[in-house]
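Participant: As a plain string of letters, each chain reads:
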Amino acid sequence: MLRYMLKRFAQSILTVALVVLAVFMLLRLMPTSGYFSREDYVTMDEAARTAYLRTLGVLDDPFTQFGRFASALAGGDLGRSITVYPRTPITEILAEKIPYSLWFGVAGISVSMALGLLLGVMMARYKDGPTDWLGTAYVVVVRAVPSLIYLFLIQTAASRLLGLPMIFYADDVSSWILPAASMALPGLAWYAIWLRRFMVDEENKDYIKFAVAKGVPRGKVMTGHVLRNAIVPLVQYFPTQVLLTITGSLIIESIYSIPGMGGLLVYAIRQHDNTLVQALVLIYSALVVAGVFLGDVLMALVDPRIKLSSAPVEREAA
Amino acid sequence: MKRATLVAATLAMVGLTAMAGCGAARKSADRYATTYFTEAKTLNYFLLLDSTAQRVAANTQDGLVENDRFGRYVPSLAESWTHNDDYTVWTFTLRQGAAWVDSAGQRTAWEVTADDFVEGLRYVADPANGIKNVSTIRKVIAGLNGYYYDLLDIDEGKDIGMTREAAEENFRTVGVAAPDPRTVVYTLTKPTPYFLSYLVTELFFPLERAFLDQVGAQDFGTSRERLIYSGAYYLADWQRDKQIVMEKNPLYWDAASVPVKTVSMQKVTDPAVSVEMFIRGELSATGLQADQVKALAGTPQAEFVYPAEISSVTYWFIQNFSSDNPEFRAFVNNPDFRKALYYGIDRVKLLSLYDPYNPAGLLRNTVVPEETVVDENGRDYTDYPGLAELKAAGDYFDTDKARSYFAKAVAALTDGAGAIKGVSPATVDMKPVAEFAVDGKLPLQMLYVHSNDANDTKMALLLQAMLEEVFQGQVKLVLGQYVDDKFNDVVEPRRFDLVYDSFRFGFGDPSAQLSRLVTDGGINDGRYSDPEFDALIQEAEGENLLSERYALFSRAERLFIDRVYVIPFQVGGGAYTMSKAVPFTYPRGGFGTTRFKYKGMIVEREPVTKARYEKLKAEFLSEMESATKR
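Residue numbers (numbering that gives the first Met the number 0), protein chains in the order written: chain D, 0 to 317; chain S, 0 to 629.
Hints listed in this document are in silico derivations from the structure and should not be mistaken for laboratory results. Just so it is clear, the structure is predicted and the values come from calculations on it, not from any experiment. One should not assume that every hint holds.
[To be verified] A few chain S residues that face chain D, going by a derived Cβ cut-off under 8 Å, partial list only:
1) D154
2) Q265
3) M276
4) D488
[Said to hold, decoys possible] Only part of the chain S face toward chain D is listed, based on derived beta-carbon distances under 8 Å:
5) T37
6) K40
7) D236
8) V267
9) F486
10) F502
11) I522
[What the hints assert, rightly or not] Away from chain D, derived, C-beta distances all over 10 Å, residues of chain S:
12) G129
13) L151
14) R402
15) E468
From the three backbone atoms N, C-alpha and C, an ideal C-beta is built for every residue, glycine too.
With the hints as extra help, turn the sequences into a complete structure.
Facilitator: Structure representation (structure tokens):
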């Protein structure tokens, strides 16, 4: 196990480094005129434009720039934003924004996991009954209707109906309810439908039929065997989902004016903010890699049949 | 020394005091709440990159002069000023006791002194600080251009025979000086009777050097604590992408003229949310797009909707006089064809995409905007002969005239059988925008380039159908598209026949636009050449008496439009608003930063109705006429 973990860790570091290098170099291929508005472009002469680009640090050789980035990173310095929040240390921006995304993300995941798993169990337990139909209808609506439609409906109609604020205010707890609920809706559907599917699959397996035939109570079969085995494929994604809450939700943070991380990467790319993009890519890719790794470990812990090491399994003598 | 200026300044002060009295007498709500859509990228007020940062800077920093509610230049941190006879030396006397306050509204160790204005310009003039707008004034202040390029050359590694430190020492040769703590003197490169109009921009704001040294150049303005304030408000809260709260500066020199104590701005991304928040009473003001106005029709809120202020930005169509498309190149150099386009584009129909209720309200027929440049007699520049008729013409779309001019162009440019003289079949390579074949015969094919914005695309399709109909199938518009922020890369390198563009109006003189439109001008995108127009502009630039100067500029502009080098069609801004702020109680202007001040604004408990707005507007225009004449 330890050997496996060390190997995966080394692979992870390499993967993240390659991703960051690739993005870093690709960013340097973008045309520099993107740093100027139309007005700036015509007002400034070539020399002035060059001087401005030099202040942004985007004119040096890309490998020199990467070396500078890597050595600063080694000292824990992610650099400063150049166009999104000019000259502001990136660590300062992240420190402001991550807590919002993390809080709402964790709240959303907690609600969606708790209610989604419960709904999935109920749908599987009462398959083809009203609970299953209603659950399926909910899942179909959430997954088929463009999210902007129902999210905007919640924001306007539900906020009016319940007397809740339309946007998020840090000092007003009531304003946290709708964004957290909106955050939970798609995840809830995802957990419910997949758990139902895996549980129904398990229920049809021979060992379950055997257990039922032997007279094991249905409740015990569902929780002790069906649920336990059905949840294994889902467990793998938990760490990634939790870790990626840091990246925020583009749509929900946007409509509720939550100053989180959602949309920051897209905006940074559009604004040609190389330093911010590479910092975010570094963080996001590290989170994904860590999430996948932790997912594997978690799956091995939940399911004793899964071995992460390639050590030979000792067979019991017949 | 010009006594007239002193008198004007005194009168303006009297007016301001009277207005302040008015403001104090009228009861205002303490709080003004609104929304914004684009985050302030930085609080460094020399580095203004967006309208939100401009608004924050305008309200938290003062300059030497500011706009009043009529758009006039009135004293701010300078209590008076004089200039020499040829307008090349301007001397400002600062008011005493103006303090810098911190982000808690507390007095700092510093007062605003003349040195702060010198340091402000020093900061702006250093290319290492990356102030893009410095290009606007580099050639206005004596010595600034040379100083800037010396530093720039050194930063580029060129050997100019001195170190950077030595070059920085040369700032003393730049035309700004503080002979004593209350006097700032600017020396200019040439007579500049409109110099005050530069002073309402952020480029002339003061900078406390000791504070800059304390926080460091890199960190200056990256948070509200890393800034000090000289304006009517200080920044009490700034959460990026969330909210901006400005509180009234208790030490402000003109506190009596600031009725609103708190300005709260919430960031939203959807204009519909802003409107809904206003309806629920959470906001004091909101903007509306035309479709939102339509949605409110028949509701109680409909009576509160009135037109928002238009801006000084003018959108105009540009034709490429050296196009790679031989068919268009032959036609565009024919004045009759350009006239045909001038009369053949139904601009009102195009503008109905932006405002279906009152598209004609978005029309502009001149390059220089109205109500932005006024002479010494209070006469608006666009009311000068030549331009006044253009302005009054409104919607001049005329199919018959368009066809008549087109027929003349066709007669001159084709052989009578539809073949365009001197044009052979060819492939026009304007990749990545477009590539298309032309056969050298009518119908004329021309490339119209537009952005991928939904309204721009609709406008292109509408224009395509419109020109085909007006010119009875003899003009075919080929459409090419670019991604919205890639104009500089894709279109500017001559890859268009027809396109539209717009530029900021930078300062209070027609030269702000017209001098950039001459043959070698920076915004001559069409690459036309007209020595007569160039000569008129040069003559106008040399005239210092404003009325004479504007007469010459207006002649030049009329000639420019008559020869259809560009086709102005749309004003910037527009749209609609609902507000509890009483219109015309706060500053206005066509350019610069100080026009965004909330100083003087009266906020009421109920929204202003459209009927009341119309009444207030009529009163205001009448007041403005007498005020600017005075």
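Participant: Each of the hints needs a verdict: does it hold here or not?
Facilitator: Hint by hint, here is what the structure shows:
no.	hint	verdict
1	D154	holds, 6 Å
2	Q265	holds, 6 Å
3	M276	holds, 6 Å
4	D488	holds, 5 Å
5	T37	violated, 11 Å
6	K40	holds, 6 Å
7	D236	violated, 10 Å
8	V267	holds, 5 Å
9	F486	holds, 6 Å
10	F502	holds, 6 Å
11	I522	holds, 5 Å
12	G129	violated, 4 Å
13	L151	violated, 5 Å
14	R402	holds, 34 Å
15	E468	holds, 31 Å
This entry does not satisfy hints 5, 7, 12 and 13, going by the numbered hints stated previously.
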